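Take these sequences, add in the hints, and give me the full structure.
Residue numbers (this note's numbering), protein chains in the order written: chain E, 126 to 429; chain L, 58 to 562.
Among these hints, one or two may not hold up.
[To be verified] Simulated restraints, written as ranges between beta carbons of each label pair: (1) L:Pro448 <-> E:Arg240: 24 to 34 Å; (2) E:Leu288 <-> L:Asp344: 23 to 33 Å; (3) L:Tyr128 <-> E:Gln197: 25 to 35 Å; (4) E:Asp247 <-> L:Gln388: 46 to 56 Å; (5) L:Pro263 <-> E:Glu299: 20 to 30 Å; (6) L:Ala521 <-> E:Asp247: 51 to 61 Å; (7) E:Gly236 <-> L:Gly485: 36 to 46 Å.
These aren't lab readings, by the way, just hints derived from the structure by calculation. Quick caveat: nothing in here was measured; it's all calculated off a predicted structure. Glycine included, every Cβ here is placed at the ideal spot set by N, Cα and C.
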Amino acid sequence: MELYASGNNAWNQLIFDGAEYASKEPTDFTSFQLVLSDPVIERPHASLACTLVNTSKGVQAAGFPDDWMQSQSLKDRVLQSLAAIAGNGTIAVYDREAVKQYQSVSHFQQGTAQRVFTSMGDVSQIVAYETGFAALSTIGQVWTWGDERYEACLCREVSDVSLAEEPGTVAELEDLPTGKVQKLAAAGYLLMALTEGNDLYAWGGHPGLPGFLDDISASPSPVVIEDHDVADCAVGQSHAVVLTVSGEVYTAGANGNGQLGITTETDSPWSRVPFSPGPDRTILSVACGPRNSFMIVQKPSRHT
Amino acid sequence: MAYRQLLYFCRDASHQIRQECDNLLADAEADPSPQRHQSLLGCGSALSGTARPPAADLLTRRLDDLLSISYSKFYCFLFKDLPVYWRQLYTDASILKFHLLLLRATHAAHSHQQTVPLDETALAELVKTLDLALILAGAAGERRGRVWVAKALDLLHDAWTSTQADTGANAIRPAKRVKLEAKGDDLSPPPDDMLSSAASFSNFQPFTPPVEKPIPRRPAMSVEAFQTYMDNPSDSTLGPEPLIFTDLVEEWPARTTHPWTKPSYLLSKTFGGHRLVPVEIGRSYVDEGWGQKLITFGTLLRDYIDPSLSPDQVAQNDKSPASKQIAYLAQHPLLTQLPALRDDILIPDLCYTSPPPHPTDSSKDQPEVDEPMLNAWFGPPGTITPLHNDPYHNLLVQVVGCKYVRLYSPLHTEQMQARGKEDGVEMGNTSSLDVGVLEGWDRPALNQQSSPDEQASEERMRRAFKDVPYVDCILNPGDTLYIPIGWWHYVRGLSVSFSVSFWWN
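In structure tokens:
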């Protein structure tokens with residue numbers, strides 16, 4: 126399998142065998158380039174300065190590790206999408222019993238949870254945005270909680286009985302025409318939900334900052350990219366990446382670090398990335414760091 | 058050469074930042090515990106160590122990355138919870154960016170073989186870089202921070218004015234310079250004799266509300282007499298009541314030798330109007346479509362405050378609808394951002410008293426402040442600060458122009474129909490009543506047009522509100538209004554108006 130990446134590389138976080146580059150100030154990648162090959166490549170987790178990826182040789186890291194990466198258990202949970210770290214430094218971790226929220230890395234290390242939530246049942250995924258979290262339960266419910274100032278990201282009515290800081294379900298993401306939500310993605314002030322029937326919805330927004338997608342509000346709106354069904358999605362600090370069922374990758378948003386993998390901007394918010402994985406190869410999934418983007422490519426199996 | 062001193066000053070700061078980053082990284086390796094929230098390391102080791110010098114283009118990219126990374130944190134937190142290291146990171150990145158821009162600009166200027174003024178765009182960019190650090194990040198940092206930024210702007214100003222003079226002597230005036238002067242955009246302070254003849258702001262008042270319950274006006278009190286006044290109210294449940302002092306600020310340079318009423322003086326203290334200031338756009342902060350933005354002081358003056366200043370009549374007739382909006386520099390610590398203007402005022406001795414606590418609600422009382430908090434309020438006719446109260450005692454000094462102020466006592470708080478939390482922001486200190494609309498001075502904002510049922514209830518509200526007692530006044534230049542803690546106040550600019558408020562407790 127192969128991992129391709131484009132975008133921010135200020136900390137060499139796209140360079141997995143660093144030796145030959147070490148002496149040079151690293152530059153960003155403005156197009157998707159091969160960064161790692163291995164028989165097993167799972168979905169990477171990219172922070173601002175570091176990329177973690179599980180391979181056949183265990184977890185490999187590139188770049189400058191964050192403080193929280195000293196914790197093996199947190200690293201494992203984050204890579205399983207069962208823990209996430211918001212932009213304001215709070216951490217949410219699912220430990221098979223409850224989702225526990227910690228104010229900071231040191232609170233996590235000391236085991237002092239700020240809040241413990243048991244209302245969500247079995248959780249299959251936790252994602253974080255700048256000031257809060259969303260979780261997907263195994264029965265397909267979407268829960269959100271976070272800073273009440275950015276209510277649009279919560280996608281639900283906040284009231285005295287339904288507090289912003291405590292998980293509440295997003296009713297608008299139930300009974301969708303193409304089935305349950307199977308995956309969430311979030312970063313910045315944008316959240317996305319992908320259904321089992323390959324429809325993509327987005328919501329969120331920040332009253333003071335212009336968004337990069339049209340029609341983003343406190344209510345989920347379908348993300349329409351021509352007439353494509355969506356196979357996978359990922360969100361960065363101010364960009365997003367979508368993999369279509371037909372195997373094409375589209376990106377939208379800020380391109381200051383080359384995170385869109387394109388050099389010519391188009392009028393539409395979504396641009397098709399001019400990337401071909403090569404004969405017999407398919408793009409399996411996509412991922413985003415705050416300012417970079419990734420795709421995992423499946424090579425045809427070789428028999429020797 | 059003119060910029061040498063500033064270049065050295067920047068070089069020292071860049072070295073210092075580099076040194077600090079190296080030390081921090083060494084410390085982090087020696088002690089990897091996360092208990093180091095005071096230093097830049099709070100941003101994470103990766104961010105603290107980025108100040109290595111790559112090629113210039115890449116350096117610009119990385120500094121802009123650091124600025125946008127740290128800026129995004131300003132939104133993540135309530136300002137009171139924002140760790141200071143994010144503000145310092147923004148400030149230090151701004152200092153490095155300023156150095157880089159300066160190197161580029163002076164290099165470009167010297168390729169002409171002589172000391173010529175910096176390119177206008179380059180100058181604007183230099184000033185903007187440091188103003189953003191002041192306004193957005195409060196120019197945090199102990200070793201550099203606000204003091205460094207103020208010094209750098211002073212040196213830049215000196216260098217700029219000296220190259221202006223040089224060029225004048227050589228009689229080589231670039232076309233741009235001539236155009237600038239035509240706009241009244243002179244960067245050097247006008248000499249005194251020129252000031253006296255320079256134009257003042259228009260004192261035109263499009264609308265003047267009647268004063269129905271005038272607040273007592275009297276000469277200034279001694280500190281002791283004012284303390285006694287506050288300690289011995291005629292109504293002990295109410296506490297001290299509003300007063301106007303008519304001669305408290307006679308000695309202020311802003312009212313005499315450094316006249317804030319002269320646009321040319323204000324321009325000379327704001328880098329020819331290049332300094333950036335935050336303004337509120339829209340009639341009142343509770344209206345739909347209201348927003349805040351950063352514009353240059355020159356734009357504020359010429360496009361919003363007093364369009365008659367602009368001799369460029371074509372531009373005036375050709376204004377876009379956007380520029381017909383009201384812009385208000387409101388509740389901004391302008392005098393901290395512009396120390397040169399701070400020297401034009403004096404903190405009234407009356408602020409060094411011990412005023413009583415909130416008369417009805419002790420939960421409103423704030424921890425004691427060491428120094429009075431200063432805010433500037435500068436806008437065209439028609440600015441409105443909706444009915445609200447503050448958790449401090451306030452001396453509101455009217456420096457330029459006139460303002461109408463109406464006050465309701467804290468005993469009538471229940472009738473003020475305070476707002477609640479709106480979009481997660483506590484608005485409980487602001488009334489949902491619009492005094493101007495209830496009095497028939499203004500039309501309701503478009504977003505507040507209502508159904509017949511609502512109109513009926515509004516009519517009941519209007520009648521009930523009419524009976525709530527109040528006091529009011531028109532503040533003239535030189536007047537100082539004492540607003541005791543907790544008093545609801547509605548403030549309306551009548552002419553071009555510049556006020557300074559002092560909060561204390």
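Falls inside 23 to 33 Å, the C-beta gap from leucine 288 of chain E to aspartate 344 of chain L? Holds, at about 29 Å.
Given a hint of 25 to 35 Å, does the C-beta separation of tyrosine 128 of chain L and glutamine 197 of chain E actually sit inside it? For glutamine 197 of chain E against tyrosine 128 of chain L, whose Cβ atoms are near 33 Å apart, the range 25 to 35 Å holds.
Is the gap between the beta carbons of proline 263 of chain L and glutamate 299 of chain E within 20 to 30 Å? 55 Å, violated
Distance restraint hint 46 to 56 Å, applied to the beta-carbon atoms of aspartate 247 of chain E and glutamine 388 of chain L: 49 Å, holds
CB-CB spacing for aspartate 247 of chain E and alanine 521 of chain L relative to the 51 to 61 Å hint: Since the Cβ atoms of alanine 521 of chain L and aspartate 247 of chain E sit about 55 Å apart, the hinted range of 51 to 61 Å holds.
Could you see if the CB distance from glycine 236 of chain E to glycine 485 of chain L stays within 36 to 46 Å? At 37 Å between Cβs, range holds.
Is 24 to 34 Å a correct range for the gap between the Cβ atoms of proline 448 of chain L and arginine 240 of chain E? 30 Å, holds
The structure fails to meet hint 5 from the earlier list, while all remaining hints are met.
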